[in-house]
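Visitor: The listed protein sequences derive, respectively, from chains P and Z.
In case it helps, our numbering puts the first sequence at residues 1 to 194.
In case it helps, our numbering puts the second sequence at residues 1 to 185.
These are calculated hints, taken from the structure and not from any lab test.
Be aware that a few hints might be false.
Claimed, not checked - BS3-like mimics (lysine-lysine), calculated; alpha carbons at most 27 Å apart, straight line:
{"hint": "1", "chain 1": "Z", "residue 1": "K16", "chain 2": "P", "residue 2": "K139"}
{"hint": "2", "chain 1": "Z", "residue 1": "K155", "chain 2": "Z", "residue 2": "K64"}
{"hint": "3", "chain 1": "Z", "residue 1": "K15", "chain 2": "P", "residue 2": "K24"}
{"hint": "4", "chain 1": "Z", "residue 1": "K64", "chain 2": "Z", "residue 2": "K15"}
{"hint": "5", "chain 1": "P", "residue 1": "K139", "chain 2": "P", "residue 2": "K127"}
{"hint": "6", "chain 1": "Z", "residue 1": "K16", "chain 2": "Z", "residue 2": "K64"}
As the list claims (entries may be wrong) - Take a look, some chain P residues computed to stay more than 10 Å from chain Z by CB distance:
{"hint": "7", "residue": "L148"}
{"hint": "8", "residue": "T150"}
{"hint": "9", "residue": "E156"}
What the hints assert, rightly or not - A few chain Z residues facing chain P, derived, Cβ under 8 Å:
{"hint": "10", "residue": "N23"}
{"hint": "11", "residue": "S27"}
{"hint": "12", "residue": "H28"}
{"hint": "13", "residue": "R35"}
{"hint": "14", "residue": "A39"}
{"hint": "15", "residue": "D114"}
{"hint": "16", "residue": "F140"}
{"hint": "17", "residue": "L171"}
{"hint": "18", "residue": "E174"}
Every value quoted in this text rests on a predicted model; they were computed, and no experiment measured them.
Glycine included, every Cβ here is placed at the ideal spot set by N, Cα and C.
Residues per chain are reported as follows:
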Amino acid sequence: MSNMEKPEERLQQALAAWSAASHKEPRAHAQERAHTALLASVSKPRASWTFFLQRGLLAAAVVAGSMLLLLPGSPSQPAKSPSSTATASIPSNEIALAASYIKQAPVSTHPQQLLASAAALLSRAQKELPPDHQALIWKEWEATHQELVTTEHEVEQEGTSRATHSTDASPAPPPASTETQSPGAESDAGSESG
Amino acid sequence: MPLPDNVSDAVIAAKKGDPQGWNWLFSHFYPVVLRYTLAHFSRQGDAEDIVQEVFVSATGSLGKLRSCSEPVVEAWFLRIARYRIVDEFRKESRARRAVPEPEETVDPASLAEDAFLAAEVRRAIRRLNEAQRDVLVRRFVLDHSLERVAEASGKPVGAVKALQHRALAALERELARNPRGQKAE
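So that you can see chain P by itself, here it is in the shape it has in the complex:
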């Protein structure tokens, strides 16, 4: 691996064991939990001066608006904007992450894992979609699902050659043949305590 002098055999063995033990597959449930936390953090406003300025202006606008509504002749029932358009819905986030996984799968060292995660996300998103199949989000879901099927097919075809590549001398990522696993199928146990 390096052009330095070779460490002792015992050390080499220890390093190889350490490397192998650190190559664990990302687990879908942990990945999804982290992704949800990430998106929650992204959507959370940061407490900067611009944030406070925006909040101040918003508050002023609300007060001014309320006062206008109290004036004679003003509509007593202001139109309510649908809250669903203000923030991205959960299925929309899931579909977006699934699309991202699918896009990266063909160039990833662990395409099956990404596609399995994408499939799980799409399946969960489907349960949360509105009943109206004409809704835009349904088209988004269908397009992403179609993309998943196509990519799965492509990855499957390349599977053999990919597996061959992954068996070189380096501490390579897990083979592409990893099957979809349910999150509960794995455990922390694999391990020694640290």
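Based on these hints, arrange chain Z on the given structure of chain P.
Guide: The following block gives chain Z in isolation, referenced to the frame of chain P:
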């Protein structure tokens, strides 16, 4: 907004607060950050918790990232992970001082040889300094080239080589110091 195609587009989108940019960065860098963290912690659950914190914390400091090249962005994520890991080590160390317990609970008899060796390395690297630990993880776990480590750390290749040499020597000393390590041989 279309899905980003590369790390640079993803960083630009993420800086604008676009979730698609974060989705791309997350799906692209999660595995490597996890692997980096697993090099320090045996329990996958512990490592996953830290990786989650790394990504959440990244959302607050992405603006500081100047370059958008893949090695730089990866190094940035790994640096956040490194700080978080050091925090965790400190926490564990404080907890050990409060309740004096054996430093670690590796039982050679209960583990396969490889798992035992991996645990020994994880124990030993905690005694190295941060830079030494980092270079060993990048070179032997992430399998990065000397050039890539040099680029990520902003050091000349020769300096990284020397650092690796010192780190390996320190690791060897630490492994030899452990009586359980000798027992396992």
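Visitor: Starting from Z:K64, check that the Cα of Z:K15 is at most 27 Å away, please.
Guide: holds, 10 Å
Visitor: Are Z:S27 and chain P close enough, Cβ to Cβ, to be under 8 Å, as the hint says?
Guide: Given a least distance of 5 Å, the restraint on Z:S27 holds.
Visitor: Does P:K127 sit within 27 Å of P:K139, going by the straight-line distance between their CA atoms?
Guide: holds, 15 Å
Visitor: Can you confirm whether the C-alpha distance between Z:K15 and P:K24 stays at or below 27 Å?
Guide: violated, 30 Å
Visitor: Taking the closest Cβ pair, is Z:A39 under 8 Å from chain P?
Guide: Check passed: Cβ of Z:A39 comes within 4 Å of chain P, closer than 8 Å.
Visitor: Quick check for students: does the CB of P:E156 sit more than 10 Å from each CB in chain Z?
Guide: Holds, because the least Cβ-Cβ distance between P:E156 and chain Z comes to about 20 Å, which exceeds 10 Å.
Visitor: Does Z:D114 pass the interface check with chain P, least Cβ-Cβ distance below 8 Å?
Guide: Constraint on Z:D114 satisfied, holds at 4 Å.
Visitor: Would you settle whether the hint for Z:N23 is holds or violated, based on the nearest Cβ-Cβ distance to chain P being less than 8 Å?
Guide: OK, holds: Z:N23 within 8 Å of chain P, min 4 Å.
Visitor: Quick one: work out the minimum CB distance from P:L148 to chain Z and report holds if it exceeds 10 Å, violated otherwise.
Guide: Non-interface label stands for P:L148: nearest chain Z Cβ at 14 Å, farther than 10 Å.
Visitor: Do the numbers back the hint for Z:F140, that is, is its least Cβ distance to chain P under 8 Å?
Guide: For Z:F140, the interface hint holds, since the closest Cβ of chain P sits about 5 Å away, which is under 8 Å.
Visitor: Checking one constraint from the list: CA of Z:K16 to CA of Z:K64, max 27 Å. Satisfied?
Guide: holds, 13 Å
Visitor: Are Z:L171 and chain P close enough, Cβ to Cβ, to be under 8 Å, as the hint says?
Guide: holds, 7 Å
In the structure shown, a violation is registered for the earlier hints numbered 3, 18, in ascending order.
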